[in-house]
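> So the chains spell out like this:
There are 6 protein chains.
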Amino acid sequence: MTRADGRAADELRQVRITRNYLKYAEGSALIEVGDTKVICAATIEDKVPPFLKGTGEGWVSAEYSLLPRSTQTRNIREAARGKVTGRTHEIQRLIGRALRSVIDLKALGEKTIWLDCDVVQADGGTRTAAITGSFVALVDAVNSIWGSNPKPFPVKDFLAAVSVGILPGGVALDLCYSEDSTAIVDMNLVMTGSGQFVEVQGTGEKGVFTQTQLNEMLTVGAQGINALLDIQKETLGQLSWKVGREG
Amino acid sequence: MTRADGRAADELRQVRITRNYLKYAEGSALIEVGDTKVICAATIEDKVPPFLKGTGEGWVSAEYSLLPRSTQTRNIREAARGKVTGRTHEIQRLIGRALRSVIDLKALGEKTIWLDCDVVQADGGTRTAAITGSFVALVDAVNSIWGSNPKPFPVKDFLAAVSVGILPGGVALDLCYSEDSTAIVDMNLVMTGSGQFVEVQGTGEKGVFTQTQLNEMLTVGAQGINALLDIQKETLGQLSWKVGREG
Amino acid sequence: MTRADGRAADELRQVRITRNYLKYAEGSALIEVGDTKVICAATIEDKVPPFLKGTGEGWVSAEYSLLPRSTQTRNIREAARGKVTGRTHEIQRLIGRALRSVIDLKALGEKTIWLDCDVVQADGGTRTAAITGSFVALVDAVNSIWGSNPKPFPVKDFLAAVSVGILPGGVALDLCYSEDSTAIVDMNLVMTGSGQFVEVQGTGEKGVFTQTQLNEMLTVGAQGINALLDIQKETLGQLSWKVGREG
Amino acid sequence: MTRADGRAADELRQVRITRNYLKYAEGSALIEVGDTKVICAATIEDKVPPFLKGTGEGWVSAEYSLLPRSTQTRNIREAARGKVTGRTHEIQRLIGRALRSVIDLKALGEKTIWLDCDVVQADGGTRTAAITGSFVALVDAVNSIWGSNPKPFPVKDFLAAVSVGILPGGVALDLCYSEDSTAIVDMNLVMTGSGQFVEVQGTGEKGVFTQTQLNEMLTVGAQGINALLDIQKETLGQLSWKVGREG
Amino acid sequence: MTRADGRAADELRQVRITRNYLKYAEGSALIEVGDTKVICAATIEDKVPPFLKGTGEGWVSAEYSLLPRSTQTRNIREAARGKVTGRTHEIQRLIGRALRSVIDLKALGEKTIWLDCDVVQADGGTRTAAITGSFVALVDAVNSIWGSNPKPFPVKDFLAAVSVGILPGGVALDLCYSEDSTAIVDMNLVMTGSGQFVEVQGTGEKGVFTQTQLNEMLTVGAQGINALLDIQKETLGQLSWKVGREG
Amino acid sequence: MTRADGRAADELRQVRITRNYLKYAEGSALIEVGDTKVICAATIEDKVPPFLKGTGEGWVSAEYSLLPRSTQTRNIREAARGKVTGRTHEIQRLIGRALRSVIDLKALGEKTIWLDCDVVQADGGTRTAAITGSFVALVDAVNSIWGSNPKPFPVKDFLAAVSVGILPGGVALDLCYSEDSTAIVDMNLVMTGSGQFVEVQGTGEKGVFTQTQLNEMLTVGAQGINALLDIQKETLGQLSWKVGREG
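Residue numbers (our numbering), protein chains in the order written: chain A, 125 to 371; chain B, 125 to 371; chain C, 125 to 371; chain D, 125 to 371; chain E, 125 to 371; chain F, 125 to 371.
Treat the hints with caution; some may be incorrect.
Note that identical chains are pooled: a pair holds if it fits in a single copy or bridges any two copies.
Here are the computed lysine-lysine pairs in the PhoX-like style, where the Cα-Cα straight-line distance is at most 25 Å [claimed, not checked]:
#, residue 1, residue 2
1, 235, 330
2, 177, 235
3, 230, 280
4, 330, 230
5, 330, 275
6, 171, 357
7, 177, 330
8, 330, 280
9, 275, 177
10, 171, 330
11, 366, 330
12, 275, 171
13, 207, 357
14, 366, 207
15, 147, 177
None of these hints come from the bench; they were simulated from the model.
Start from the sequences and build out the full structure, keeping to the hints where you can.
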């Protein structure tokens with residue numbers, strides 16, 4: 125199988141994560157996956173949504189947005205429309221859910237961590253890049269309030285996400301925009317550092333898929349996740365030792 | 125494994141589909157899955173969204189809503205809030221996408237089929253019930269405009285959906301609300317009459333899952349889908365012969 | 125005068141009220157008036173609107189909505205529009221006002237009773253059906269919190285509503301949709317069990333009317349109300365004895 | 125019966141109509157009924173709502189708004205809330221419907237007449253003052269496009285509105301704000317120059333009313349309407365001759 | 125330079141301020157500048173925006189709106205659009221900021237003064253008329269709560285505003301609508317009784333301007349301000365002595 | 125006068141403009157002024173707002189937004205609020221107006237150029253940075269459609285903007301956020317390459333200012349503008365020769 129940009133079927137695009145990209149946020153990262161670029165900012169807020177008040181538990185919530193010219197044709201700002209689109213809602217719910225799966229919300233206490241994922245350039249895979257980049261911002265934000273606290277660090281495991289799909293030529297990892305447009309099946313995988321699934325979302329709008337194809341996608345996806353976890357660890361350096369460990 | 129209502133782990137609740145439940149719609153069904161009740165109405169509109177104008181292709185779109193007292197505590201009407209929640213957006217996008225996978229949009233021509241799924245009573249599995257019930261409404265609606273047209277009927281295959289999850293006691297089919305609240309993993313499956321996947325959405329907010337567990341859920345889910353397909357066929361009677369066949 | 129469906133000028137359509145139609149609501153009813161079908165749900169909430177806080181008085185509020193395919197052509201969901209139409213506002217204000225007239229709000233205490241009226245099928249007279257059906261749901265909801273309380277039951281009197289109009293052929297009771305479209309004058313009456321008026325709303329958009337015609341409409345309307353009161357009493361059975369009496 | 129301001133039970137407050145109050149509108153009036161002051165502006169627009177396109181018929185539509193300090197305590201601007209309240213919707217629908225009843229919409233042709241009723245000061249009876257004042261603005265607006273056209277003038281009859289209610293002391297005409305707050309029954313009447321009813325809206329939120337009381341209110345109301353019709357005719361001067369007559 | 129209405133280049137239109145124009149507001153004024161007419165109402169509210177709670181300081185906030193037929197062609201009500209336009213936002217921010225500059229917010233204490241500026245007729249210069257008229261309403265409102273308090277009156281200085289522009293024929297004071305439409309440069313000036321600037325807003329959408337032209341506009345504007353200050357003082361009569369003085 | 129960051133009173137922060145920062149936009153720039161960072165994207169659209177249809181003239185319009193963590197404390201996304209704040213409206217109107225002043229809208233033809241200004245980091249002066257950076261994006265965007273067209277290039281002159289204010293220590297150029305918070309007077313200047321004013325906006329919310337102080341601010345501001353114009357020219361390189369010249 126030959127891909128437009130010469131990659132192998134199971135090869136990620138070049139990934140770069142710039143830690144502490146922003147001056148004011150408690151944690152932040154610019155993640156670049158090929159031409160896809162997402163700014164991820166983590167904010168710690170000393171309150172929780174109404175349903176958690178008084179429970180002693182915290183929350184993690186995400187917001188996602190495309191800059192108007194992150195895309196080939198300008199997309200109208202949601203602030204100008206006066207409402208958030210269905211696609212955005214779906215993506216921000218996914219990001220929040222994914223990150224909550226590796227956070228000990230009780231240990232966090234009654235705080236909310238907001239993850240703002242703003243897409244500067246969109247060339248496919250923005251939601252998975254947002255999850256992978258947000259994880260780095262989240263670790264820094266938690267560290268900013270945890271300091272040398274000897275209790276177990278509230279981030280329990282690593283977390284990364286990747287897309288994988290079935291192109292006319294077969295299963296392919298990390299689809300860029302032009303591939304995504306022609307994919308028969310599109311799947312997003314979110315997995316932990318210990319190799320377990322957090323989300324498996326496979327959709328066959330242009331076709332359907334068999335159990336065999338599903339398994340092939342899961343195998344190729346898990347490989348991509350492993351490569352992303354390595355990049356996260358390298359980016360976080362020494363801090364990566366705190367994840368999943370006592371303080 | 126013992127379930128609250130005495131069902132076996134791989135057993136569906138009682139399912140009943142009342143065809144042509146509404147007087148005015150081109151197709152309609154009331155689907156009852158245990159205490160979950162959803163009214164599905166199909167409307168045919170002689171126009172398409174802007175991105176399809178002039179292409180000769182049609183579209184299928186869905187809307188989903190909970191009646192305020194479909195739930196244990198009253199939920200605020202989205203019309204009163206002035207906006208649709210993220211959960212609703214996600215569900216209606218799923219329903220639309222699922223039904224489009226079995227429709228030949230070119231054969232349909234420049235028409236939109238709207239599927240309105242209104243939940244009268246919600247006891248878990250409303251989105252999957254909505255897909256299964258909407259399929260019946262859709263077939264009737266397409267038949268209302270297709271008549272004795274000799275060309276292949278635009279509904280290419282059967283389609284049903286079911287939930288399956290991992291409860292503290294193990295994998296279970298068709299979760300009711302009280303089970304859903306305690307599930308570690310929640311998965312929604314949409315499959316065709318020919319046994320292929322259209323959507324696989326597994327989410328582990330309260331925990332993560334392994335490949336083995338994923339496979340077990342897929343097996344149990346496929347069984348549930350088969351039972352639902354039989355009920356759809358029985359409900360549609362003779363009309364079920366048109367699905368996937370020449371006119 | 126001959127009517128499309130063969131009824132006499134002063135004859136109601138067939139009316140059926142299914143009590144406790146919903147599983148979770150504190151009171152509920154499905155009312156069917158000919159092909160018009162409305163689900164009425166009563167919810168008791170332990171708070172009141174800001175203007176009543178600390179007064180010891182309760183409130184009754186209503187919301188009304190048409191399901192998209194309750195009507196001949198699909199009507200756009202108000203949640204999708206992002207706002208409630210003027211017609212809906214007017215109807216829900218009418219329903220709330222009507223039911224408040226027979227409730228002892230002081231005896232109720234600082235609680236709000238919400239009445240959700242969702243029209244499943246609309247063939248004329250949905251607002252009056254909503255009032256008549258909501259009354260039944262309201263009595264059950266009040267009973268659910270009143271139990272064997274020996275104080276006077278807070279529902280002070282029965283309440284029903286009916287439409288009456290001037291058709292080209294003369295005054296007619298309980299207009300169905302096709303009659304409503306051609307009516308010269310349209311009037312909605314809300315009356316109590318003791319035969320007094322709560323609301324008289326007569327509108328002559330396609331014509332005007334004289335005092336004599338007004339009186340004729342009031343007479344025919346009062347007859348229809350009496351028939352509806354009988355059906356409510358039969359539906360409520362023994363519970364109907366509590367209305368307007370000491371506990 | 126003694127009223128707060130010394131009026132007789134069947135006496136209007138002082139009414140003054142200033143014709144052509146605004147420089148730019150096609151027709152306009154400032155109506156003062158005691159301390160209630162409403163600016164009524166009529167605009168002629170060369171298009172109609174979608175449901176009338178191509179029918180050759182025109183439309184009359186009204187909008188109503190309270191200035192923030194027209195009332196005793198400041199009311200929040202609907203533009204700031206982002207939505208129109210239910211009360212406003214109900215009032216503007218009433219004004220539009222009332223004025224349409226005396227306009228020959230076919231003779232008007234495909235034009236919309238907008239009536240903007242802005243309440244500068246609110247001391248009860250703003251909706252009826254808005255109708256009575258808007259009628260004057262409407263006649264001027266129609267005259268501005270009709271000129272010396274020999275066909276029948278499209279305003280077919282005079283139209284005025286008044287409130288009447290049951291106070292603790294008995295039936296009273298034209299309630300001011302302090303009376304309105306204590307009224308047991310509140311009724312708005314809209315009548316034509318020929319003494320026929322266009323709207324009868326009686327509401328008993330604080331009590332109920334009998335047929336006898338209804339008749340008494342109708343009699344007193346009709347008297348008030350007659351006095352208002354005289355003031356309209358005087359205000360319109362010579363132009364009042366065109367109403368209901370050939371050009 | 126000859127102006128359409130015969131004024132000299134540095135001449136104001138006729139200005140009239142009617143104090144206490146409204147019955148309920150704590151302070152109010154109708155200001156007429158030629159055909160421009162604005163109702164200004166001041167309301168005192170016993171709370172402050174969140175960012176001032178507990179600081180002991182007060183706030184002044186303004187809202188501005190055009191009546192639909194204040195303009196040559198009807199402008200759509202912002203309540204109907206569901207949102208406030210950018211132009212309105214800009215104007216109400218300007219009015220609030222301007223009036224805050226002459227109020228001692230600490231002396232006011234934790235109160236908000238709302239200024240509602242409703243334009244009845246718009247013939248150019250509505251925002252500057254709103255500021256000049258609101259100042260009068262503000263003084264009366266502050267006086268209503270200050271009474272004979274011996275501390276310094278919280279209104280520290282007089283404040284007025286005027287427009288000045290560069291027309292094809294040269295610099296001109298107080299532009300009416302037709303002049304405004306052809307102006308090359310448009311400037312709004314807000315100045316205090318002691319001759320200092322509060323706001324200088326010069327905009328050259330149809331052209332640019334030099335330092336010399338800017339100075340000429342400032343000189344002519346200051347003259348206009350002086351004339352307006354005299355009218356304010358005359359309107360306020362004895363009360364004008366309190367401004368900027370001990371109680 | 126000593127400034128927090130050691131700058132002289134009339135010294136700009138370090139300014140860097142990265143041309144063609146985005147892959148898809150017709151023109152784009154990242155402008156950095158000290159820690160303030162704004163992404164400016166220019167989009168060319170083949171249509172104009174309704175009021176220009178058929179006139180043959182084009183338009184320039186701007187949108188401005190703060191990323192949630194561009195600021196010290198997270199600011200709520202306008203898309204989540206469902207509306208654009210007054211501050212944003214004011215800023216985007218200013219940016220659009222400023223850029224229109226140097227564009228020959230007739231030469232442009234019926235096209236709209238959108239300028240999207242997204243603030244990645246906000247340390248004061250974001251609106252003036254947005255104007256200065258947008259000018260660069262605009263020139264590239266116009267060039268992308270103008271090519272080697274021999275007619276005069278539609279960008280008629282250079283354009284830059286800067287802030288200047290009165291701090292407790294005196295007049296200072298290019299205020300950073302901490303200075304801005306304590307400024308007595310805040311002024312934004314927009315000037316052309318030929319040294320003329322496009323906008324002069326001086327505001328004294330914490331104090332007032334004299335003519336002498338105004339002149340001092342204008343002098344210091346003009347110096348800052350000259351430095352910015354040099355940076356723009358350097359950034360645009362050869363393309364800067366087209367501005368204001370025949371093709």
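> Would you mind marking each hint as holding or not holding in the structure?
Going down the list of hints, with the structure as the test:
1. 235 to 330: between (42 Å within a copy, 19 Å between copies)
2. 177 to 235: both (10 Å within a copy, 23 Å between copies)
3. 230 to 280: Classified as within; 12 Å inside a copy, 49 Å across copies.
4. 330 to 230: Close across copies (13 Å), not inside one copy (42 Å); limit 25 Å.
5. 330 to 275: between (49 Å within a copy, 22 Å between copies)
6. 171 to 357: Intra 30 Å, inter 49 Å, cutoff 25 Å: neither.
7. 177 to 330: between (44 Å within a copy, 20 Å between copies)
8. 330 to 280: between (38 Å within a copy, 13 Å between copies)
9. 275 to 177: within (23 Å within a copy, 37 Å between copies)
10. 171 to 330: between (43 Å within a copy, 22 Å between copies)
11. 366 to 330: Result: close only across copies, 22 Å inter versus 43 Å intra.
12. 275 to 171: within (22 Å within a copy, 42 Å between copies)
13. 207 to 357: neither (37 Å within a copy, 40 Å between copies)
14. 366 to 207: For residue 366 and residue 207, the Cα distance exceeds 25 Å both inside one copy (39 Å) and across copies (41 Å).
15. 147 to 177: Result: close neither inside a copy nor across copies, 30 Å intra and 29 Å inter.
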